[in-house]
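**Student:** In case you want the letters, here they are:
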Amino acid sequence: GDSVTQMEGPVTLSEEAFLTINCTYTATGYPSLFWYVQYPGEGLQLLLKATKADDKGSNKGFEATYRKETTSFHLEKGSVQVSDSAVYFCAGGDNFNKFYFGSGTKLNVKP
Amino acid sequence: SQTIHQWPATLVQPVGSPLSLECTVEGTSNPNLYWYRQAAGRGLQLLFYSVGIGQISSEVPQNLSASRPQDRQFILSSKKLLLSDSGFYLCAWSRGRGINEQFFGPGTRLTVL
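Those sequence lines, one after another, are chains H and E.
Counting from 1, position 20 in the first sequence corresponds to residue 20 in the working numbering; the numbering is continuous, with no gaps.
Counting from 1, position 97 in the second sequence corresponds to residue 208 in the working numbering; the numbering is continuous, with no gaps.
If we strip away everything but chain H, and leave its shape as in the complex, we get:
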């Protein structure tokens, strides 16, 4: 079935470091792709999305580009802050609006 695979965590960075969290997808069709963020004890919040190949989603300094040729949707941020510490989930959505989520990557940013 359709799925996404994201890099294992935790990822620990110093403040202002560059962030990359890898995500690749496997799908029979052309899914929409999403990144969600979860802060401790809370639900998931949509961070960004892309609906077709070569689309770039961006929000709050985070970016991800839908790469059909590498079936990837890697999350990047040029300069992380302590407040970015959270768990990040990559997800894909199919035509029936059923999502499939990655296992999550915990990010720790140290001052």
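These aren't lab readings, by the way, just hints derived from the structure by calculation.
A couple of the hints might just be wrong.
[Claimed, not checked] Reference excerpt, derived from the structure (chain H facing chain E, CB under 7 Å, subset only): (1) S32; (2) G43; (3) F62; (4) G93; (5) F101; (6) S103; (7) G104; (8) T105; (9) K110.
Yeah, the Cβ is synthetic: ideal placement off N, Cα and C, and Gly gets one too.
Since the structure of chain H is already known, use the hints to place chain E on it.
**Tutor:** Here is chain E on its own, set in the frame of chain H:
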């Protein structure tokens, strides 16, 4: 604007007791509704989803059930809880047509003792 509510926020229940978790959405009509479970330190497992009143699809056979008595109300139930039912339960909604982002509620932390 749309909002999604879940209650209770936390729940501690003994093994074998019943369960009822409620989710309501405001500010939209005919949403798709979803129940997920997140075990500690793990990803999300889709339990049920619904595209309309009385229409429930189950993704994982288990001792849980879901109902949608009203357009914007989604209920997760169990007649007898198991230890393995402990986790963080998340409700989500999305617009009905096309591939649309899902919006999540604040979650319910369930501990079964």
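**Student:** Return the status of the interface hint for S32/H: holds when the least beta-carbon distance to chain E is below 7 Å, violated otherwise.
**Tutor:** holds, 4 Å
**Student:** When the nearest CB of chain E is found for G43/H, is that gap smaller than 7 Å?
**Tutor:** holds, 4 Å
**Student:** Given a cut of 7 Å on the nearest C-beta pair, is the interface hint for F62/H held or broken against chain E?
**Tutor:** Since the shortest Cβ distance to chain E is 15 Å, the answer is violated.
**Student:** Can the hint on G104/H be confirmed by a CB-to-CB distance to chain E that is less than 7 Å?
**Tutor:** holds, 5 Å
**Student:** Quick check on the hint: S103/H CB to chain E CB, less than 7 Å?
**Tutor:** Where the cut-off is 7 Å and the nearest Cβ of chain E is about 4 Å from S103/H, the hint holds.
**Student:** If you take the shortest Cβ to Cβ gap from F101/H to chain E, is it below 7 Å?
**Tutor:** This hint holds: F101/H lies near chain E, its Cβ roughly 4 Å from the closest one there, short of 7 Å.
**Student:** Answer holds if the nearest beta-carbon of chain E is closer than 7 Å to that of G93/H; otherwise answer violated.
**Tutor:** With Cβ-Cβ at 4 Å, under 7 Å, it holds.
**Student:** Hint K110/H vs chain E: min CB-CB distance below 7 Å?
**Tutor:** violated, 20 Å
**Student:** Do the numbers back the hint for T105/H, that is, is its least Cβ distance to chain E under 7 Å?
**Tutor:** Cβ of T105/H sits 10 Å from chain E, so the hint is violated.
Of the numbered hints given earlier, the model fails hints 3, 8, 9; all others are met.
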